[in-house]
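Student: Based on these hints, arrange chain B on the given structure of chain A.
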Amino acid sequence: MSAGPYNYSYIFKYIIIGDMGVGKSCLLHQFTEKKFMADCPHTIGVEFGTRIIEVSGQKIKLQIWDTAGQERFRAVTRSYYRGAAGALMVYDITRRSTYNHLSSWLTDTRNLTNPSTVIFLIGNKCDLEGQRDVTYEEASKFAEENGLMFVEASARQMGNRGDNVEEAFLETAKKIYQSIQDGRLDLNAAESGVQHKPSQPGRNNLSADQQASKDNCAC
Amino acid sequence: MLAVHQDVINIVQAKFLSAEIVKSIHLNVSALDETYNDDNRILALVEYNKTFALFVLISARKKPISISDLCIETVIPIDEYFSCDTEPIEESQSHIIFIITSKKIKLQFKIEIGIESSNFASEVIRSKEVSLYNPPVFVWLDKYIGTMSQLNRNSDLGEQSDTPIIRQRITQGTTAINRESMLKYQLKLKEPEFTEKQEFTIFVGTWNVNGQPPSVSLRPWLCYDESPPDLYAIGFQEIDLSKEAFLFNDTPREAEWQKYVMEGMHPKAKYRLVALARLVGMQLAVMINSQHYPYVKNVSYDTVGTGLLGKMAVWQFGWSYITPPSASVNCHLAAHVEEFERRNQDYKDINARMNFKRNPIAIKDHEQVYWLGDLNYRITDLTTSQVKTLVARKELNKLLKADQLNQQKERGNVLLDYTEGDIKFQPTYKYDLNTDIFDTSEKARPPAWTDRILWRGKGIYQVEYRSHMDMRISDHKPVSSLFKSEISVVDPLKFRKIHEDLLKKMDKYENEYLPQVTVDQTEVKYDLVKFREPQTREIIIANTGMVPAEFEFIKKLDETSYCKDWLRIIPYCGSINPGETCEVKFEVTLETSLQNIYDILVLHLKGGKDMFITVSGDCQRSCFTSSIAALCRINVPIMQLSEEEWRLAENNESGVLYSVPREIWLMVDHLYRYAGTVQAVAESLLLFLSYTKDPVIPFELHDTCIAAASNFQNCRQIILQRVPDLHRNVFLYICMFLQELSKYSNDNGYDARTLPLYSVTSCSGIRYVTRSRKTAGASRILSIISS
Chain A
1 MSAGPYNYSY IFKYIIIGDM GVGKSCLLHQ FTEKKFMADC PHTIGVEFGT RIIEVSGQKI
61 KLQIWDTAGQ ERFRAVTRSY YRGAAGALMV YDITRRSTYN HLSSWLTDTR NLTNPSTVIF
121 LIGNKCDLEG QRDVTYEEAS KFAEENGLMF VEASARQMGN RGDNVEEAFL ETAKKIYQSI
181 QDGRLDLNAA ESGVQHKPSQ PGRNNLSADQ QASKDNCAC
Chain B
1 MLAVHQDVIN IVQAKFLSAE IVKSIHLNVS ALDETYNDDN RILALVEYNK TFALFVLISA
61 RKKPISISDL CIETVIPIDE YFSCDTEPIE ESQSHIIFII TSKKIKLQFK IEIGIESSNF
121 ASEVIRSKEV SLYNPPVFVW LDKYIGTMSQ LNRNSDLGEQ SDTPIIRQRI TQGTTAINRE
181 SMLKYQLKLK EPEFTEKQEF TIFVGTWNVN GQPPSVSLRP WLCYDESPPD LYAIGFQEID
241 LSKEAFLFND TPREAEWQKY VMEGMHPKAK YRLVALARLV GMQLAVMINS QHYPYVKNVS
301 YDTVGTGLLG KMAVWQFGWS YITPPSASVN CHLAAHVEEF ERRNQDYKDI NARMNFKRNP
361 IAIKDHEQVY WLGDLNYRIT DLTTSQVKTL VARKELNKLL KADQLNQQKE RGNVLLDYTE
421 GDIKFQPTYK YDLNTDIFDT SEKARPPAWT DRILWRGKGI YQVEYRSHMD MRISDHKPVS
481 SLFKSEISVV DPLKFRKIHE DLLKKMDKYE NEYLPQVTVD QTEVKYDLVK FREPQTREII
541 IANTGMVPAE FEFIKKLDET SYCKDWLRII PYCGSINPGE TCEVKFEVTL ETSLQNIYDI
601 LVLHLKGGKD MFITVSGDCQ RSCFTSSIAA LCRINVPIMQ LSEEEWRLAE NNESGVLYSV
661 PREIWLMVDH LYRYAGTVQA VAESLLLFLS YTKDPVIPFE LHDTCIAAAS NFQNCRQIIL
721 QRVPDLHRNV FLYICMFLQE LSKYSNDNGY DARTLPLYSV TSCSGIRYVT RSRKTAGASR
781 ILSIISS
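Protein sequences appear in the order of chains A and B.
Every letter in the first sequence is one number past the one before it in my numbering, and letter 14, counting from 1, is 14.
Every letter in the second sequence is one number past the one before it in my numbering, and letter 130, counting from 1, is 130.
Calculated from the structure, these hints are not laboratory results.
Possibly wrong hints are sitting among the right ones.
Mimicking PhoX-like on lysine-lysine, the simulated pairs with C-alpha atoms at most 20 Å apart in a straight line are [said to hold, decoys possible]:
1. 564(B) x 530(B)
2. 508(B) x 35(A)
3. 497(B) x 34(A)
4. 505(B) x 34(A)
5. 505(B) x 59(A)
Just chain A, with the same shape it has in the complex (with noise of 0.2 Å):
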């Protein structure tokens, strides 16, 4: 279990979630490459990327799975929710529609993920305070009632909240690490969404013997 100094002890999954164009793989970019990428395309899909992390002197591996938002994906992208031991719920301060919709996320959340799973919510494009349509004090108090972490963020890197895409992924982190810490989250559940051990990136509610019915249907 003594990982060497240049090890990581433990593999986060965690997941993006959130309406169609709030900024997600956005967040994601940010986080893993440190650049604002500008023209972004809708995600079709789930785009994945990794990054190592430091929580308490334990080297973190996260990884992240970006799901596309709109709506006709929404039955599929349930499938990435199971094992993740984040979620960061992504809504665009300037629109308040994806704030609206903040409540079905979180019931999919909820539904589809286990209770040590660590939400937080992004306030995202706070560099856009002239088109601001969702208060601070708004979310907050959603934030609040919920029991969710939150922040504002802007993944533009404009204006001093820039940091805080960095922070929601560390403070998630710092969370799902205080929860094993406490033993509140068992790490040998299969959908506790850490691992100890590294390993390549799978999902592991989508298993390998799937063909075994088309091949035979097939005549």
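Tutor: For chain B alone, kept in the frame of chain A given last:
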């Protein structure tokens, strides 16, 4: 001289890496070796980082014109074993023999006397001198030794950078496992950037105190040098010879001696104890100047007992300081002159059995090792008086030749690779207590250098090696050695920065080296999809990443297959190399009643992202795949119905217009009228019967029918009573048609046996379930009825 062969030097240089500089060459060298007399050889002196090596190259021609003419024959490092000489050839005025020796190699070449040869020889001699000043490292030669006398290698001569290795490793898809070792490797490469060599003075002392309690200050020994050392490693042997000490491995003497040590250290500096290890009357204490104390890490020690109780005990102590771990070993080996083999064995045992728990590496793998103690090796073959005389005459060299340790070491039996400084002090054993007089007792043991200090490792320079005659309370004199040792000190700020940069770089690589593909379309749309008219669309998956991408269409949560029945994906999985593309065919075939087709396919990259591909299209309404009941409710071709009319018919809400579907009647009628040229229509009828939304004989009656197959009455009853009206109509209608057909079996060649079998599969409507068995049963029913 360089100008003379500059073109050839350039060619020779091409054989080497650019950092390996060809300093000088000599052409037209022939070996004084009978077999290869005729070869044109070139001698080349090559420098890399102030180390030199002499290369013997075989040239395909007298003067090479390209590097493919050259082949490396021999590599000789210019180190301490290297020497060169010349010898005149008797009958020749123009040539001399150039002799190169190194370890077991002796090479002789015939060269022409001239400017070229004298220049070359002087360069070689100069390089030999340079190598004496800095101990050369010849790792760079390893790659050439492997290629000696083999075919030319023209490739791999470019500069190596660190990144290709990473890329290669990551490309192999084992990033998670290799990441740590890669990082270590990268850090090792960058070590010079975050460490600096610092010189530490190290005082190593050993004293066999012969069971005496401490009674005098140790300062004459420990403070022998003017300036305070950075580190002390002090070993004692025979602290307590009492039986209790051996039995309980615990004696107050140890603490007493340690107290004297702590008090006896240099007053000009403050010291802290790093660790203390004890074993049966022996102890090794390591003390460090307190300003260095915070940097000491991974302290670990172990003790190893060898031999019989009380006879000898060996223990040792390892400690890691800043970057490279070092170790100091204190030991007390077996006593008595004749026991030298025992001592050798003890030494081996210590090495074999040492196990540092915190940092489990062998003694020999430590960067620096100091070996001290009462090694107990004696002087052989000389009588006590001879020894004493030689000591008195200060002819220590003669005595040292008779020293067992020197002899055994020379034979490679013990402390191989360890270095000991020149001994300029008289033997440290055995003295009358409180005197400087060698043993005058009855035993009159011959004096010996039992107490020794050796070292092993890079960057250790012995300042002085001495004994301390004025310490008289034991029958041994203490010995000490002052070293100046280079230790790599990590600059924590630089280290942190480099470490973080590397981590970021690895994160970046890891993300960059995730499999990446793009598809030319994520929306696959079909034209109007018609019954049993396959349509194919192609998507192109392009690998835009750096690594091979293994793709596969995977099933969604709660689904049983990766796509719907109406779709075939060819291929549904595969591997695409970077820069290449793969065409995937999506073939849709409609055989059921659907208004439209729609599905989201998940294209998964192994170890990477997933992409969603949406497949969609509208379907044409068709009388095939409709229900018998609905078809009996329509009196026009299905395509002519309005949505509403069709909805009513499908839900059995409109009135029944026909007793059998119009389509069946049309086809049967056609067959009846135009017998002979009816293949297409007959096939259509069969298809029609095969694909009706619900089979003619409903699913729920299949098993009953099979059970009743051998009994005509039962069959009849099932057909008449349990099959729904419209379905029974169809069944009877077909049967009557077949009956009619069989009347003309003489003309059409069909008979009651072949005909039903021919059509029965569809007609009976038993499908979707193991056909062969049930078909047989159903055909029986049919034949019974039709007869």
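Student: Next, verify each hint and record whether it holds.
Tutor: Hint check results:
With a C-alpha separation of about 17 Å, the suggested pair residue 564(B) and residue 530(B) falls inside the 20 Å cut-off, and the hint holds. For the suggested pair residue 508(B) and residue 35(A), the alpha carbons sit about 12 Å apart, so the restraint of at most 20 Å is met. With a C-alpha separation of about 17 Å, the suggested pairing of residue 497(B) with residue 34(A) holds against the 20 Å cut-off. Of the pairs offered as hints, the one joining residue 505(B) and residue 34(A) holds, with about 12 Å between alpha carbons and a cut-off of 20 Å not exceeded.
With a C-alpha separation of about 16 Å, the suggested pairing of residue 505(B) with residue 59(A) holds against the 20 Å cut-off.
Going down the numbered hints, you'll see the structure goes against none, and every one checks out.
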